[in-house]
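Enquirer: Please put together the full structure from these sequences, using the hints given.
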Amino acid sequence: MSKTDENLKAAVAGESLARNRYSYFAEMAKKEGYRYIAKIFEEISENEKYHAMEELKLLMGDRDTLTNLKASVNGEQYESEDMYPRYATEAEVEGNRAATILFRQISKIERQHYDRFKKLLEMVEAGNVFKRDAPIKWKCSICGYAHEGLEPPKRCPYCKHPREYYEPANLDV
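Position 111 (the sequence shown) corresponds to 113 in our numbering; numbering is contiguous.
These are calculated hints, taken from the structure and not from any lab test. Check each hint, because a few of them may be wrong.
[Said to hold, decoys possible] Here are the in silico distance ranges between beta carbons for each label pair:
| hint | residue 1 | residue 2 | range |
| --- | --- | --- | --- |
| 1 | Asp-7 | Arg-37 | 37 to 45 Å |
| 2 | Met-3 | Thr-69 | 12 to 20 Å |
| 3 | Glu-150 | Thr-6 | 49 to 57 Å |
[Unchecked claim] With a straight-line Cα cutoff of 25 Å, these simulated DSS-like cross-link-like pairs (lysine-lysine) come out:
| hint | residue 1 | residue 2 |
| --- | --- | --- |
| 4 | Lys-139 | Lys-156 |
| 5 | Lys-121 | Lys-139 |
| 6 | Lys-162 | Lys-141 |
| 7 | Lys-121 | Lys-133 |
| 8 | Lys-120 | Lys-59 |
| 9 | Lys-41 | Lys-72 |
| 10 | Lys-120 | Lys-139 |
| 11 | Lys-5 | Lys-51 |
Cβ coordinates follow ideal geometry from the N, Cα and C atoms, glycine included.
Expert: Written as structure tokens, this is what we have:
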């Protein structure tokens, strides 16, 4: 890995941490009645997100959804099966009950993320993101129009947006 790539990786981590920190600070400011200060924290948090996204573009290049889903499946599997269970064990050994509980809960949530990404990966690989074996309800995410069938319409009959704006109405993924 080049020095520039190392710097980009560190910059993404720094910007991402700053974004979450500022989002947290915004919540604290709101609780204290400082709505304007919270707004500034939120604005700068979004700026940090943009910085991280630009750095990620340089670091990772253009990747397709299939590649991104594979990376996401691997990442969530690591977090749910290794990272958070290990963190929970270490916190328990240190007697930090709150952190132990938190890490165990997050591990379970990361497993749900893994399951969702894995299902989406399988759908993309099989070419059935917009196809089902049995009729389901599809919902246009723009106008809310509902359609029942094996596939959503190619174009929403109400708002005319293309089918990529349709999602399963039950959001099972």
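Enquirer: Are the hints correct? Go through all of them and say.
Expert: Consistency of the hints with the structure:
For Asp-7 paired with Arg-37, a C-beta distance near 40 Å keeps the hint of 37 to 45 Å intact. For the pair Met-3 and Thr-69, the beta carbons lie near 19 Å from each other, so the given range of 12 to 20 Å is met. For Glu-150 paired with Thr-6, a C-beta distance near 52 Å keeps the hint of 49 to 57 Å intact. With a C-alpha separation of about 15 Å, the suggested pairing of Lys-139 with Lys-156 holds against the 25 Å cut-off.
Under the criterion of a C-alpha separation no larger than 25 Å, the hint pairing Lys-121 with Lys-139 is consistent with the structure, at around 18 Å. With a CA separation close to 13 Å, the supplied pair Lys-162 and Lys-141 stays within the 25 Å bound. Only pairs whose Cα atoms come within 25 Å are accepted, and Lys-121 paired with Lys-133 is accepted, the gap being roughly 14 Å. For the suggested pair Lys-120 and Lys-59, the alpha carbons sit about 24 Å apart, so the restraint of at most 25 Å is met.
Of the pairs offered as hints, the one joining Lys-41 and Lys-72 is violated, with about 36 Å between alpha carbons and a cut-off of 25 Å exceeded. Restraint check for Lys-120 and Lys-139: the C-alpha separation of about 22 Å stays at or below 25 Å, so the hint holds. The straight-line distance between the Cα atoms of Lys-5 and Lys-51 is roughly 22 Å, inside the 25 Å bound, and the hint therefore holds.
Comparing the model with each earlier hint shows a violation of hint 9 alone; every other hint is respected.
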